[in-house]
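Student: Residue numbers (the numbering used here), protein chains in the order written: chain A, 611 to 904; chain B, 6 to 271.
Hints were generated in silico from the structure; no laboratory data involved. One thing to keep in mind: the hints can contain errors.
Sample of chain A residues at the chain B side, in silico, Cβ under 8 Å [claimed, not checked]:
# : residue
1 : G760
2 : E768
3 : F836
4 : E837
5 : D838
6 : H839
7 : R843
Each residue gets a CB set at the ideal place from its N, CA and C atoms; glycine is no exception.
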Amino acid sequence: MNAPAYNFAYLDEQTKRMIRRAILKAIAIPGYQVPFASREMPMPYGWGTGGVQVTAAILGPADVLKVIDQGSDDTTNAISIRKFFGKTAGVATTTSTADATVIQTRHRIPEAPLHAGQVLVYQVPIPEPLRFLEPRETETRRMHALGEYGLMHVKLYEDIARFGHIATSYAYPVKVNARYVMDPSPTPKFDNPKMDNCPALQLFGAGREKRIYAIPPHTEVVSLDFEDHPFTRYRFDAPCALCGAGDSYLDEIVTDDKGGRMFVCSDTDYCGSRQSAGHRGSESAAPHKERAHG
Amino acid sequence: MAEPQVSLHDDQPLLVADHLGKNYGRLTACRDVSFALYPGEVLAIVGESGSGKSTLLQLLSAQLAPSAGRVSYRMRDGVLRDLAALGEAERRFLFRTDWGFVHQDPAQGLRMAVSAGANVGERLMAVGWNHYGRIRDTASSWLERVEIDTARIDDAPRTYSGGMRQRLQIARNLVTEPRLVFMDEPTGGLDVSVQARLLDLMRNLVSELGLAAIVVTHDLAVARLLSHRVMVMKGGRVIETGLTDQVLDDPREPYTQLLVSSILPA
Chain A
611 MNAPAYNFAY LDEQTKRMIR RAILKAIAIP GYQVPFASRE MPMPYGWGTG
661 GVQVTAAILG PADVLKVIDQ GSDDTTNAIS IRKFFGKTAG VATTTSTADA
711 TVIQTRHRIP EAPLHAGQVL VYQVPIPEPL RFLEPRETET RRMHALGEYG
761 LMHVKLYEDI ARFGHIATSY AYPVKVNARY VMDPSPTPKF DNPKMDNCPA
811 LQLFGAGREK RIYAIPPHTE VVSLDFEDHP FTRYRFDAPC ALCGAGDSYL
861 DEIVTDDKGG RMFVCSDTDY CGSRQSAGHR GSESAAPHKE RAHG
Chain B
6 MAEPQVSLHD DQPLLVADHL GKNYGRLTAC RDVSFALYPG EVLAIVGESG
56 SGKSTLLQLL SAQLAPSAGR VSYRMRDGVL RDLAALGEAE RRFLFRTDWG
106 FVHQDPAQGL RMAVSAGANV GERLMAVGWN HYGRIRDTAS SWLERVEIDT
156 ARIDDAPRTY SGGMRQRLQI ARNLVTEPRL VFMDEPTGGL DVSVQARLLD
206 LMRNLVSELG LAAIVVTHDL AVARLLSHRV MVMKGGRVIE TGLTDQVLDD
256 PREPYTQLLV SSILPA
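Build the full structure now, drawing on both the sequences and the hints.
Tutor: Shown next as structure tokens:
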């Protein structure tokens with residue numbers, strides 16, 4: 611690759627300014643979807659083009675970047691985005707949640723608590739929480755402007771009528787700062803409470819839909835619900851098979867074609883650091899083979 | 006907003022149209038329409054296709070801005086206000102609480118992909134109801150009132166027959182206890198026996214709830230059954246107005262005479 615042909619962090623400075631302006635506006639109006647001139651990125655839509663542009667716009671040479679995909683640091687998407695910024699920005703990368711200053715994520719919020727000064731960048735496929743009930747963009751924008759959110763409860767009503775409980779388990783709608791209803795991207799609803807009053811800045815980028823929105827640090831984020839069907843988190847009722855954690859969000863892994871399965875932490879950094887601290891689950895192998903690779 | 010309902014004096018009009026007109030370029034869809042509608046009164050607007058009925062209904066319900074004149078509505082606090090002076094938020098709030106709008110095509114007035122219960126409950130949730138059990142109970146009692154089997158509360162209206170859809174649309178509109186309902190050809194496209202049942206239902210609901218209604222129809226039988234007063238429109242003008250039986254039994258204008266005489270004898 612001919613490195614000098616690229617600006618720092620791939621995007622040109624004018625584009626970064628444009629994206630930063632959108633980000634500032636998004637921070638000023640928590641939960642509001644700010645349109646921006648999304649660029650073509652060297653990856654397909656759906657792979658995180660929105661998140662990558664936000665990350666590119668906020669990244670500085672001193673930043674330490676962590677990228678996760680479904681909580682994992684070592685899936686294709688996470689590795690290629692981490693490499694992308696390693697090459698085009700030359701920033702340090704890490705898999706440790708505590709050490710990172712910028713964390714780009716698809717579908718998870720890390721288990722380890724975030725701290726002030728960190729930025730969590732979400733990749734968002736469909737930013738509009740009302741979209742599936744109201745297909746017209748003109749109408750949904752008007753509904754946001756006037757704060758008409760009855761429709762969001764229609765979706766939850768339908769869940770209860772059909773399944774007996776609120777069956778929406780990801781992209782669970784939240785109300786930010788008691789004003790805008792927001793789609794927290796397809797994170798599991800298990801992670802919703804982590805958004806509330808979070809000390810880190812949370813930025814959301816939707817590349818195909820050309821929207822940026824944000825939750826500033828220490829902002830109130832409330833998951834919508836009914837009085838008689840309150841919001842609940844969901845988690846498989848099992849400890850992690852590798853580190854024994856009883857509080858983390860779990861992935862179900864099918865191990866054979868006879869119904870065998872195991873549950874492991876979806877957050878690989880959390881699981882790895884627990885194992886190196888000596889925690890063991892039912893399926894742990896020898897510790898030297900289980901070390902997380904970075 | 007849960008303001009206590011101020012008892013209205015029935016001698017004060019609910020809705021006042023004042024020299025209303027609408028032009029589309031040089032085409033005049035509607036001109037110089039003035040009338041007052043009183044609480045509990047049902048007004049039918051009749052006329053053939055293209056006579057300006059639907060335009061007038063849209064003007065009255067603030068979906069179209071008039072080219073001339075104005076529409077005023079007495080809000081729940083008793084103050085008569087010009088609809089054009091209301092903010093969009095107020096207008097939309099009015100539209101889903103104090104008003105109802107029954108479309109000819111139920112697909113326009115319903116969410117066809119969500120269940121009947123959610124269709125009826127939507128307006129309640131829009132005004133802040135946040136208790137699933139209560140929303141559902143209210144929805145099922147309304148389904149009963151419009152003679153829909155409550156066992157079908159979780160079915161989507163696209164699985165309903167035409168008559169059921171129209172009844173569901175009425176329940177959806179009436180659940181917030183509006184004071185004024187606009188109806189655009191509410192029985193259009195339904196077969197005669199279903200029409201009769203629907204008209205019977207609407208007549209009962211209107212008198213039970215003391216609703217005021219403005220019904221646009223080309224079907225004089227609908228006007229006769231539902232309305233107290235009739236306005237006959239032709240070429241965008243109101244040519245004759247009066248009590249329903251008076252206009253239909255003893256029409257004055259030649260056009261109204263033609264309209265009345267063109268009903269097929271039963």
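Student: Using the nearest Cβ pair, does A:E837 come within less than 8 Å of chain B?
Tutor: 5 Å, holds
Student: Would the hint on A:R843 stand, with a C-beta cut-off of 8 Å toward chain B?
Tutor: 19 Å, violated
Student: Have a go at the A:F836 hint: is there a Cβ in chain B nearer than 8 Å to its own Cβ?
Tutor: For A:F836, the interface hint holds, since the closest Cβ of chain B sits about 4 Å away, which is under 8 Å.
Student: Take the shortest C-beta to C-beta distance between A:E768 and chain B; is it under 8 Å?
Tutor: Constraint on A:E768 satisfied, holds at 5 Å.
Student: Regarding the hint that A:D838 lies at the interface with chain B, is the smallest CB-CB distance below 8 Å?
Tutor: For A:D838, the interface hint holds, since the closest Cβ of chain B sits about 5 Å away, which is under 8 Å.
Student: With a cut-off of 8 Å, does the beta carbon of A:G760 approach a beta carbon of chain B closely enough for the hint to hold?
Tutor: At 3 Å from the nearest chain B Cβ, A:G760 passes the 8 Å test, so the hint holds.
Student: Quick check on A:H839 please, does its C-beta sit within 8 Å of some C-beta on chain B?
Tutor: 5 Å, holds
Checked against the numbered hints listed earlier, the structure breaks hint 7 alone; every other hint is satisfied.
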